[in-house]
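S.K.: So the chains spell out like this:
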Amino acid sequence: MGHRHIITLLTGFGVQDAYVSSMKGVILDICPEAVIIDISHNVRKFDVRQGVFLLHQAASYFLEGTIHTVVIDPGVGTERRRIIVKGKRGVFVGPDNGVLSLAVQKEGFVKGVEIREKKFMLPNLSTTFEGRDVFAPASAYLACGVELEEFGPRISRMVTPSFTRATCKKDKLVGEVLHVDRFGNVITNIQRRLLSSFKVVKGEVFQAKIAKDCARITFSRTYGNVPVGALVMVVGSGNFLEISVNRGCASDLFKVDVGSRIEIFRLSNIIS
Amino acid sequence: MGHRHIITLLTGFGVQDAYVSSMKGVILDICPEAVIIDISHNVRKFDVRQGVFLLHQAASYFLEGTIHTVVIDPGVGTERRRIIVKGKRGVFVGPDNGVLSLAVQKEGFVKGVEIREKKFMLPNLSTTFEGRDVFAPASAYLACGVELEEFGPRISRMVTPSFTRATCKKDKLVGEVLHVDRFGNVITNIQRRLLSSFKVVKGEVFQAKIAKDCARITFSRTYGNVPVGALVMVVGSGNFLEISVNRGCASDLFKVDVGSRIEIFRLSNIIS
Amino acid sequence: MGHRHIITLLTGFGVQDAYVSSMKGVILDICPEAVIIDISHNVRKFDVRQGVFLLHQAASYFLEGTIHTVVIDPGVGTERRRIIVKGKRGVFVGPDNGVLSLAVQKEGFVKGVEIREKKFMLPNLSTTFEGRDVFAPASAYLACGVELEEFGPRISRMVTPSFTRATCKKDKLVGEVLHVDRFGNVITNIQRRLLSSFKVVKGEVFQAKIAKDCARITFSRTYGNVPVGALVMVVGSGNFLEISVNRGCASDLFKVDVGSRIEIFRLSNIIS
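Protein chains in written order, with the numbering used here: chain A, 112 to 383; chain B, 112 to 383; chain C, 112 to 383.
With the rest of the complex left out, here is chain A (with noise of 0.2 Å):
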């Protein structure tokens, strides 16, 4: 049977209305022997943060070649670009508004085009409803052999949020708020490469500012290496920074969302 097609879908339009279905049947209409996987479909209506992370965290694991199309689009309906970004192992469909950036840089671009041509959207375009009419038959016609060149011109650069930037400063990390997972771990966009800029040491013990709370935590190889109930900071299967609690909730301690800012201080240069 050859090569099957994966694609994935991340959205958020949850689950209980038939907007993902529609995208599935829309695709498989197109290319019948697509193989579709759910990233998520609860991102949080229009937050592009946690697109960003979570599409981060999926897409490598994924076979070369998988078609990931991401539909959090705050600005659905108006002028932004409908892009295809090929990178070194995956494809990504979807809004020009950042979504994308993280997970391309990740492995690296490739090439990109703007999505044009009206023959590969549905003939009927809605106004509401780019996922359905747009990105999924995008896709769809990429799993049966398009080439990016088709779909419309080269673009040669994306929207890269500025979110996606932590900074290490001397005696200080800044970053902020990603996402918080359903284990109420805190997320962070401080990535392992600048945790090791900051020469982090394995059993460390930290000062966090953690949106408008302080307080001290031990940087941990693991959750269960710190006693039950104590905070703890891992770099999280995403090798993003992660705030948690050995089994407890980190985002119930503090008034913390998507986007609240992140200072993690070396303890040393506080006391002296």
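Think of the hints as simulated: they come from the structure by calculation, not from any bench.
Yeah, the Cβ is synthetic: ideal placement off N, Cα and C, and Gly gets one too.
It cannot be assumed that every hint is accurate.
[Unchecked claim] Examples of chain A residues toward chain B, derived with CB under 10 Å:
| hint | residue |
| --- | --- |
| 1 | 295 |
| 2 | 311 |
| 3 | 314 |
[Said to hold, decoys possible] Only pairs whose alpha carbons sit at most 20 Å apart, straight line, appear in this in silico EDC-like list of lysine to aspartate or glutamate:
| hint | chain 1 | residue 1 | chain 2 | residue 2 |
| --- | --- | --- | --- | --- |
| 4 | B | 199 | A | 140 |
| 5 | C | 230 | C | 261 |
| 6 | B | 217 | A | 140 |
| 7 | C | 199 | B | 140 |
| 8 | B | 197 | A | 140 |
| 9 | B | 310 | B | 374 |
| 10 | C | 156 | A | 363 |
| 11 | B | 156 | C | 363 |
| 12 | C | 217 | B | 140 |
| 13 | A | 197 | C | 140 |
| 14 | A | 217 | C | 363 |
| 15 | C | 230 | C | 140 |
| 16 | A | 199 | C | 140 |
| 17 | A | 156 | B | 374 |
| 18 | C | 197 | B | 140 |
Model the placement of chains B and C on the given structure of chain A, informed by the hints.
M.R.: Just chains B and C now, with coordinates in the frame of chain A:
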């Protein structure tokens, strides 16, 4: 590999229990090559209205021959027929309580049968879970090529619920709410063709009575054509009139629920 | 195309994060022809009881040879075995904390191994996400035809949690709550065969103690045989005794939760 058989599922079982996966197990046990797609499993208990809307919205996007399995069934275990209906595009399997009606009407009724033949049901029939014991096997046997006629006697008509009919009077449209979606859009049973008979013009302002509340509301092509926070009526992606708020949540403004009455008055007549 | 390999997933990861989709990416990367079916991802954190129940309920409906992957694991990152068990029907992959026990007992234990071989794990093992790094790859390699023996040393027994054993005394049944489903049905660990030893008759009325509350309750074949709003005990679709309310919600009537004690007394003995 020839043709892949797509089976969709629309239920009120939720996804925290094993109900849906048991149905999928049964389907794949009978027809291992079936491709199963979820429409939704979050239809509120006993709510045939939502089922009618979601099936109508999703079904037309699927490949011809797709088998839609619907288990929204306040009367499980009591006397009501279990049916299979072949439409011009899809095949519909479910209880004969009206839930299939609008989707079948949309594409046209070709033929229907009652499910009676025990050999196409699970051997140990439970009385509480026909989704798994009757409807899932029926869909799987259909996907395997069993003909409609083998399941039981022909039926010539199906139950059609009264709530699918909105009316257009001289100066007002009267309908009701079918569904409130994740974004708080209030979806009515007023279809696009009824709006045409009512001679609605883009940009026209109407008086609406939504459950017990009244409001002025603009008819527009897209949410974004009215100011942020303003009420707007659009023809949604399913061809039904929706009441929405640009970047807001219409269902927060009114005491509105599935089944609430909706009246749309032509403003000129109220003024004159 | 020969045989399609079905892999089911049962976890507590929820669907708002990228945990589940990362596991699916890993599986399809190793075994692109796998068919992945979700049992549930909404098991409450650390709740082995719910996992036991859901796996037991769903597994027997799947095709022989189906690989069931269970990641319900309060002890992730600590010392407990990670196992693969072949039953008479399915293959079970998960932590050795009892979560696989009832499903394996139901169909009969054939053989089991501990997962030790590093070449069947992801190269960069995280300490927090064995679902993705150990269990997903194990299931995918099994689907690709790797033999049990290649994963590690044989095991002769598995952990069996005490809560899977309900007891039948002279005049009472004693069990506990395994799961409360979406409809508020309270599902106990009392199985059909225990009811047979207790010589329960349809229509018989019992005295029940549910957590701290007492109530009279009828044993019936189906919900609909008692008046709307009345309490009823039925043998549910998974062969466990369920406490329900006809068209109502039993879990709203009692302070009951997973793990609550359930006692069923023969009424004649109370009166005499």
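S.K.: Can you list which hints this structure breaks, lowest number first?
M.R.: Of the numbered hints, 1, 2, 3, 14 and 17 do not hold.
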